[in-house]
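Engineer: Here is how the chains run, residue by residue.
Protein chains: 2
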Amino acid sequence: MTPIFKELKRDGSSFARTGELDLNGIRVETPVFMPVGTRGSIKSLSSEDILELKLPLILANTYHLYLRPGTEVLDSFGGLKKFMSYPNALLTDSGGFQVFSLQGLFKFQEDGVRFQSHIDGSYHTFTPEKVIDIQRSIGSDIMMVLDDCAPYGSDRKRLELGLKRTHSWAKKSIDYWSQNPGNQSLFGIAQGGVDPELRIQSLETINSLPFSGVAIGGLSVGESREEFVEILKVLGPHLDASRARYLMGVGTVPDILDGVRNGIDMFDCVLPTRNARNAQVFTSRGKVNLKNESHKFSDSPIDPDCNCKVCKNYSLGYIRHLHKVKELLAFQLSTFHNLHFMQNFMSKLRSEINHGSFTEFYDFWKKLYTR
Amino acid sequence: MTPIFKELKRDGSSFARTGELDLNGIRVETPVFMPVGTRGSIKSLSSEDILELKLPLILANTYHLYLRPGTEVLDSFGGLKKFMSYPNALLTDSGGFQVFSLQGLFKFQEDGVRFQSHIDGSYHTFTPEKVIDIQRSIGSDIMMVLDDCAPYGSDRKRLELGLKRTHSWAKKSIDYWSQNPGNQSLFGIAQGGVDPELRIQSLETINSLPFSGVAIGGLSVGESREEFVEILKVLGPHLDASRARYLMGVGTVPDILDGVRNGIDMFDCVLPTRNARNAQVFTSRGKVNLKNESHKFSDSPIDPDCNCKVCKNYSLGYIRHLHKVKELLAFQLSTFHNLHFMQNFMSKLRSEINHGSFTEFYDFWKKLYTR
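As they're listed, the protein sequences go chains A and B. For the record, in the first sequence the residue sitting at position 155 is 155 according to this note's numbering, with numbers rising by one throughout. For the record, in the second sequence the residue sitting at position 221 is 221 according to this note's numbering, with numbers rising by one throughout.
There could be a bad hint or two in this list.
If chains are identical, the list can't say which one is meant, so a pair holds when it fits in one copy or spans any two.
What the hints assert, rightly or not - Capping the alpha-carbon separation at 25 Å, the derived lysine-lysine pairs in DSS-like fashion look like this:
hint : residue 1 : residue 2
1    : K312      : K54
2    : K324      : K287
3    : K43       : K309
4    : K82       : K291
5    : K296      : K107
6    : K312      : K326
7    : K326      : K43
8    : K324      : K82
9    : K54       : K309
10   : K43       : K312
11   : K324      : K43
12   : K312      : K82
13   : K43       : K291
14   : K324      : K309
15   : K157      : K171
It should be emphasised that the hints constitute simulated quantities derived from the structure, not laboratory data.
Could you put together the complete structure from these sequences and hints?
Structural biologist: Pasting the structure below:
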């Protein structure tokens, strides 16, 4: 295991911390939010936009890229980053989560999962080794292991079976990866649903393996906010300080705040980009629905305190119009603004941790973004 | 009438010419192609893209803008250009053509046309005066008169009725406009279907009125290519040299070439932008279908001879992938490239006229873009 993470500063009254990842020479300050570029594009943004937003680390989805354009194309281009003209760091999931969302179209096997493509119904199999090979074709800086994310509401028996698979696959993954580690790091994933005992057991198992980072999977999948926060609190004291800790699929402002408070360094979520396409934007004054009649005549920017190119050049009234008539430009402008907001929010969050004022920051933003 | 057009150079062997429009201080070299921004946005492009493409003159549609955002909003923002953060010149149609496309939802009246909105079925009336007032709210540099564009295939009686309305409305328009000309120019529109005699009659009538420019309407509406070219040839000798001549709704490469050859200065068309969204792009080697399997592994740009930002940064293989998976970025990249192509094509066309080599240019591009 090559160490890629360095802790910089700890908050005095919580598990919050700042740090930095070194991903093949690309420096990523943590806590970091990773926007999602499922199929090799952050929906509606160009690679120039991504550079202008100074995104150091984005996520792409192995399941989607495996099906289209496929590993043959990715290999031919020398990986996804070259394919999409993106020069910074990349993390890929294992594809497992997407497969387990294909209701009725997948089946567990001893050594992996067999599934049908949602595009053409063709049959495929993912194993711990296979998803590493696919991620090698993608060429991500951080690869994730195949795991079994049991659905929310699973009984203890199903959760235990999930852990058994998850831990067995984790060992197979680290063995396979170790034979030829190259310059791609591998993260393990802990599961356990909302069962505190199983959660700790799974985290300790994953901690015991030489992964470069440890992820918490299977949260934000249907549990209540109380259950979500409870599990984070249970896990906080057991997280390994020497490694990056990643909370998968989490990305609302309150959820990030509770993640950071309990020691999480990395987040990803489609919400800032999906909400933007649905006309919901984030501002220093809370969430704004761009379609509201009240914005019809507004010549103010989306957020008067924002200095992104969208807030500099366009009015709320115009962007509202674009959403009302479903112009494609509406999606670009709103997405760019929301990702600029997330970048700025995470930057302020890091600064507050470094200056010992995380608690005040937590209280202010939690209140503003909780309805 | 304020003269806004100046002829610069005539081709020796055709009616082709170069010239320039002065639109409130914005200089537009002709022949010019105007991209279409129907609802206050060139579909998928930002105002930054429009500036980068150096588009001096674009078109917006009065019918769509009248319905949404409506004149109240446009008045409040001081016109469309401020609303959409676009600083260059703007031409608007009268809205009539869109109304006459609302099959079964419009009815002629003595002084205009009554119609139902395609959005909510509400009733509205356009008169020659009303559409000028709407275009004043939009604040375009060039306004178009309301005319009656008879459908292709209309009999002589219907065409004659169309001319009667068109000419009567043209007179009402110039009278109404003259009371308060401001800084918005007004263009007349000649009709007459594919009947040479009526075409000349209509053009002479419009020529006799003090419009700043004269448009040919009602072509490219279903007639054969032979009929289209025949009418252009008939009209060429009757066009007024002192004024700008605009061929409405025309914009394929061969149609522009035949328009220019017969004396046209201005063109507009949705094809370069619509085709881009359907994965068809224009190149120095002809049209390219981006979805073709043959581009799957191509790391070449869309057009090796193009220096636009899309061709500099992205491969055919990647843009093909974006179209195949229907990513929004596919539309932006393809649209930007096609409008860059059109800008470049028109620039070369002007240069060839100025250098006396229009005929060779005509032959080369006509052949390349005619299948």
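Engineer: For each hint, tell me whether it holds in the structure or not.
Structural biologist: Hints and how they fare:
no. : hint        : in the structure
1   : K312 / K54  : both (18 Å within a copy, 20 Å between copies)
2   : K324 / K287 : within (18 Å within a copy, 34 Å between copies)
3   : K43 / K309  : both (18 Å within a copy, 19 Å between copies)
4   : K82 / K291  : between (37 Å within a copy, 20 Å between copies)
5   : K296 / K107 : neither (51 Å within a copy, 31 Å between copies)
6   : K312 / K326 : within (22 Å within a copy, 30 Å between copies)
7   : K326 / K43  : both (15 Å within a copy, 10 Å between copies)
8   : K324 / K82  : between (36 Å within a copy, 19 Å between copies)
9   : K54 / K309  : both (13 Å within a copy, 19 Å between copies)
10  : K43 / K312  : both (22 Å within a copy, 21 Å between copies)
11  : K324 / K43  : both (19 Å within a copy, 14 Å between copies)
12  : K312 / K82  : between (31 Å within a copy, 13 Å between copies)
13  : K43 / K291  : both (20 Å within a copy, 19 Å between copies)
14  : K324 / K309 : within (21 Å within a copy, 30 Å between copies)
15  : K157 / K171 : within (21 Å within a copy, 85 Å between copies)
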